[in-house]
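Please work from the sequences and hints to get the whole structure.
Protein chains: 2
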Amino acid sequence: MTETRPPLALRLHDADNVVVALREIPAGAAIMDGISASVRIPSGHKVAIMPIASGAPVIKYGQVIGAASLAIAPGDHVHVHNLGMGEHRQDYAFASAATRLDPVTVPATFRGFHRPSGRVGTRNYLGILTSVNCSGSVARFVAHEVARRCLLDEFPNVDGIVPIVHGTGCGMSGEGEGYETLFRTLAGYGHNANFGGILMLGLGCEVMQIGDLVDRKVLNDKARFRYMTIQESGGTKATIERAIAAIRELAAEADKAVREEASASHLVLGMQCGGSDGYSGITANPALGYASDLLVRHGGTSILSETPEIYGAEHLLTRRAADEATGRRIVDLIEWWEDYTARNFGEMDNNPSPGNKRGGLTTILEKSLGAVAKGGTAPLAGVYKYAEPIDRRGFVYMDSPGYDPCSVTGQVASGANLIAFTTGRGSVSGYQPVPGIKIASNPDLWKRMEPDMDVNCGAILTGSSLAEKGEEIFRLLLRVASGEKSKSEAQGFGTVEFVPWQIGAVM
Amino acid sequence: MTETRPPLALRLHDADNVVVALREIPAGAAIMDGISASVRIPSGHKVAIMPIASGAPVIKYGQVIGAASLAIAPGDHVHVHNLGMGEHRQDYAFASAATRLDPVTVPATFRGFHRPSGRVGTRNYLGILTSVNCSGSVARFVAHEVARRCLLDEFPNVDGIVPIVHGTGCGMSGEGEGYETLFRTLAGYGHNANFGGILMLGLGCEVMQIGDLVDRKVLNDKARFRYMTIQESGGTKATIERAIAAIRELAAEADKAVREEASASHLVLGMQCGGSDGYSGITANPALGYASDLLVRHGGTSILSETPEIYGAEHLLTRRAADEATGRRIVDLIEWWEDYTARNFGEMDNNPSPGNKRGGLTTILEKSLGAVAKGGTAPLAGVYKYAEPIDRRGFVYMDSPGYDPCSVTGQVASGANLIAFTTGRGSVSGYQPVPGIKIASNPDLWKRMEPDMDVNCGAILTGSSLAEKGEEIFRLLLRVASGEKSKSEAQGFGTVEFVPWQIGAVM
Ligand SMILES: [Ca+2]
Ligand SMILES: [Ca+2]
Ligand SMILES: [Ca+2]
Ligand SMILES: [Ca+2]
Ligand SMILES: [Ca+2]
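Chains A and B, in that order, give the protein sequences. Whatever position you read off the first sequence (first residue = 1), add 824 for our numbering. Whatever position you read off the second sequence (first residue = 1), add 824 for our numbering.
Derived from the structure by calculation, the hints contain no laboratory data. A couple of the hints might just be wrong.
Which copy is meant is left open, because identical chains are indistinguishable; a pair holds if it fits in one copy or across any two.
[Said to hold, decoys possible] Dumping the calculated DSSO-like pairs for lysine-lysine here, alpha-carbon to alpha-carbon at most 27 Å: (1) Lys-1061 - Lys-1311; (2) Lys-1061 - Lys-1181; (3) Lys-1061 - Lys-1309.
All values derive from a computational prediction rather than experimental measurement.
Have a look at this one:
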């Protein structure tokens, strides 16, 4: 009978010596066998489930989040009054916790589009990639005209045409970090396995020259790549006609692709959180972390990003790094970000705010762990720049801002063919050509916005386990990879969410 | 008979002591009465038309572009071998050249939409303004649904519905320069007289909160303003229905507006150059400058922008400033830009490049003058921040990058209800809800891209005068203000060119 009552508290990892209150717990209430709350515990706050000596580590997410500043008894509220940061922060202990997960014997499969590059797409779109905002309107005109003429009707294996339009590409330096970042982003979209063909469309006089993309051999597969500029083509009307002809050729080539069985090892999952709430870190994010570990065990790749969100927990990634060089790249990123924000008069301000503390977060580690929880427990196989091609399997890190569209844009450019997005407040977005699922962190969000949400991790608050939800996410990802439409995809999201990371002065 | 032959050279201002070769001039060829070229003069280069003593100023555009470093005779080629910078650069001489232009006795009129604010629109659109990229897809869905249901058919005075979608609004600091710049931009679009009604659409959890726009009284006209967030509305589908209902109410209100006669003093012209070539500075830009002066004489407002493009010629604007305080704001902008570019590892690099020099540009002043030429000769009545509301008539300056969509976005936010865009390479773009004309700098561009170009200033190379072309631009602007569609407008440009200036770190 008691099994059907929703649990009062959640233990996030077997090694934890605290649990999280899933709602307010009255003083004296039984939390688990033989342990009762010694005081009232607010929702989202921590309760000790074993004795913790003064100076001993407090463990949540299986990770040290600080040290007890007083002796703590089972049933005690654990917060700022008895938990401090301890001395752990700057001990990177490179590769000290890179424990390989057991691979499955027979990886799961999905049905995808095998590309000549060896990558496998989960969709088969045509893309109109723009080098600059100044060719964006014409790219949309071309897509509109393709639809108006029903041009793709004769190519049933093509999923559609996606104009990739953005706000940058000129009014910027033609060299340096900002230029190289945009260059990688465009090159990465050009290579994404979810595109069966790419028309690259420029204005002609922009800083980001199509010629450079061609010269640097990033867009040189003749069968699936065409390019043109509006100025060379003789203006809007002439460009549209020329583009339509190119699209017809690309469609004929792309249409040859059919879905075939592929190992889950070909899945590259971009993980993201946005519009987070107090539940994200204890429901949706760790459930996604479980799915990420599953994917890694099946031979696939999962990408953690959003550097400002992991600030303060970087030593956990350095410890999980496959080797010291990989771990050092994490430290380098953190240092770059400290400089980037400082020179822009900002700061990497991720300390628990008064609101965070009211919600039960005590230390910066604990806060960042809620985001890192998406990354599960697998060793860190690689660290990549924003939009850098990911060339290793397993759990990897790609640098990016936390800003959702910008971070996902980098992940897609790096090669992601699936997106999993956790949210507590309710984000609605899509990232064509890559399908994404939305994972709700709480039951209220699921109830309010079910037509936008794919997975209800709010059920963890009423008795589902992280493992059950992690398994559900993994199975859904396999189906979506095989062609099932996610809710955002079915609604047509994803034509304005291409947001390359703009670094540097707009000139 | 000789009148019908295209001129060999162009004198840009009555005060000039040099003229510009419109094509290659052979040694000995007659340039004008009694003056022959002493050597071969390449196209675009300068020839003296009077004796210039060593140390005396060389005048082009009616402005000192440097000092003769040798004695120069009529017919001599004037370039790096006999022209230096002189000592003029840093003498701001505030307000020393603020000569008021003669106002016309009876200003020209157009037919526009008179707004309760006292401003007059040249169009009557409904806008869906988004606070963040994360509501951009839904804004497009709403606009699409309005079209699908033919909702605006019953409101004939409404020009259409414009989703204003962008890449920022979150992942940024909630205070400081970047935030305030975006805030002004959104507020300015909300106030632009070309919108008869605005639906502001947010996600809910973004940094750029709609509540702040409402609280700060920028969007508080109940009859023409509605707002909602996707999270509060209960997701995508619910938001679309709620938005449709709001649009219907806004359309009914906007439909009450009709075109009525309005003085040209209500025109606010954003001036822009993009994809410039060697002719821009001697044909399209000075012709637009002539039109700008005409507009000022008719009581209207013209806006020069693009600070990186005027770098080096800032003292010309300080001299034209109406008073010292106005002039000092120009100097402040320049200093801000030097810091902005330096902290982003860039520079205000506007020195004539080797290519510029081959094209005939000798000094940085001369290069920047080609851009400043758009601003005519009127006194500088005001200097504004990017997207700051323009509250003075006459010729004004609004700070912005040179990057076209970003600069025009600021001008529209500042209140522009017309755009004039000069181009040599051929830019194609639009800026809904504000109509813009394209002005071609050379006959080849006109020939190649006439369906995209509204005015052929290339005709100046074959005998038309700057005054004739300036008058033509002014007359066309009056017609477009009254409802005539410009070529970009007729083609549907302008739904992706909203590019707010993103300043600061993406977090
Ligand atoms: Ca986040
Ligand atoms: Ca995010
Ligand atoms: Ca320019
Ligand atoms: Ca300097
Ligand atoms: Ca420009």
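### Query
Are there hints from earlier that the structure breaks, and if so, what are their numbers?
Result: hint 2 breaks, nothing else.
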